[in-house]
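Kindly generate the complete structure, drawing on both the sequences and the hints.
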Amino acid sequence: MESTSTPRISSPLVDSYVGQNVMVIGKVQQLRGDTAVIEAEGQITANLNRDAHLVNGNAAQIIGKVLPDLSIKVLSSLDLGNGVDFKVAQAVVDATHQYRDLFVFDAAKGGMMG
Amino acid sequence: MGDSYGGGYSRTSYNAGGGDDAGGFVYGGSQNGSQSGAGKGYGDATLRPVTIKQLIDAEQAYPDAPFRVDGLEITEVTFVGMVRAISPQTTNVTFRIDDGTGVIEVKQWLDADKQDDENSPKNACALDSYVRVWGRVKSFNNKRHVGSHYIKPVTDYNEVQYHLLEATFCHLFFTKGAQGGAAAAANGGAGNDSMFVDGGHGAGGGDVPMSDGLRMVSAKARQVHAWLVNAEGGNEGLHANIIATAMGISVGEVLKCGEELTSAGVTYTTVDDETFAILDY
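Protein chains in written order, with the numbering used here: chain A, 6 to 119; chain V, 609 to 889.
Derived from the structure by calculation, the hints contain no laboratory data.
Any given hint could turn out to be false.
Heads up, simulated BS3-like pairs for lysine-lysine below, C-alpha to C-alpha not over 30 Å straight-line [as the list claims (entries may be wrong)]:
(1) A:K78 / A:K32
(2) A:K92 / V:K760
(3) V:K784 / V:K746
(4) A:K70 / V:K751
(5) V:K760 / A:K32
(6) A:K32 / A:K70
(7) A:K92 / V:K784
(8) A:K92 / A:K70
(9) A:K78 / A:K92
(10) V:K746 / V:K760
(11) A:K92 / A:K32
(12) V:K751 / V:K864
Structural data, given as structure tokens:
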């Protein structure tokens, strides 16, 4: 049992999560070496780790830490195929932030962030 | 324990395997015992979609008391998360499940009769894949885990999102009342407690457009509001007694709902404090 969360966010929210672990669900737009560009209400640059198996054009879930330059250092990534409804994904992001109590342990309480 | 239960089959089969659940004998005695007896009956069991954070935040009134989410006792819960670790034990398989809101341990008890089955939990769940879990929250040595009967791999990622939205919906339902609960008024007063089935899904059929004020009031207040809209009380409004008689609920309840609706700005009191009329915009 751990009181740590990786809040689901999209591009407009990245700058409020610098230094924290987050989850992004989006469409892979570009794959160049170990960098990927993920589209989630805007573009997010992701620095992939070795065992990432993302596919261009497919949906992906990445979990990682937001760096000061607003890119994400990926800790875990998952290829989600092409059947993901991004509108629903965005609805979850909205719900996460509107009803934070259900989704996010804040760093002050959880103490495991950063 | 095998022959002593009275109706709670799903718990009993779990208890028989689990052994750590002292509550198993609640069903002890005869068939009648389970109806008149102490403890929560089978009929009170719920299956609630939750986030893992809600489980970690769930409160207990005293040690061993039932867990509460949003002030309501939970029995069975279901959630969707990623498998972060699998550790097979002699009597169970322990998973660490992470849904992005928190991490919790899930123990699935092994059925000695069904060893190496294709459906055995170890085979069903791969590391870092999404699964849906059904189970109950347990507390053991002050550590919370979920005792699960059933874990199923998630094949469509949209189920993950769907689940989180459903959990949010249930939270809002229990804390703020049914969505556009107007249609539920048609059920009359008696069935108020079963609003989820009657009102939640039928809400689309409500003929009263939901105003912003109504979003914040209780389900029952919405029923009163819906009744008032259709009652044509005019500018004078209708007295709480009339509403109570027509809806089959107590005057006290009507007054409480009326107050709630008035403070939400959707009704107002007219000739006296107990007469309510719809505030039309």
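So, going through the hints one by one against the coordinates:
no. : hint            : in the structure
1   : A:K78 / A:K32   : holds, 17 Å
2   : A:K92 / V:K760  : holds, 25 Å
3   : V:K784 / V:K746 : holds, 28 Å
4   : A:K70 / V:K751  : holds, 28 Å
5   : V:K760 / A:K32  : holds, 26 Å
6   : A:K32 / A:K70   : holds, 18 Å
7   : A:K92 / V:K784  : holds, 25 Å
8   : A:K92 / A:K70   : holds, 24 Å
9   : A:K78 / A:K92   : holds, 25 Å
10  : V:K746 / V:K760 : holds, 20 Å
11  : A:K92 / A:K32   : holds, 12 Å
12  : V:K751 / V:K864 : violated, 41 Å
Consistency note: the structure conflicts with earlier hint 12 alone.
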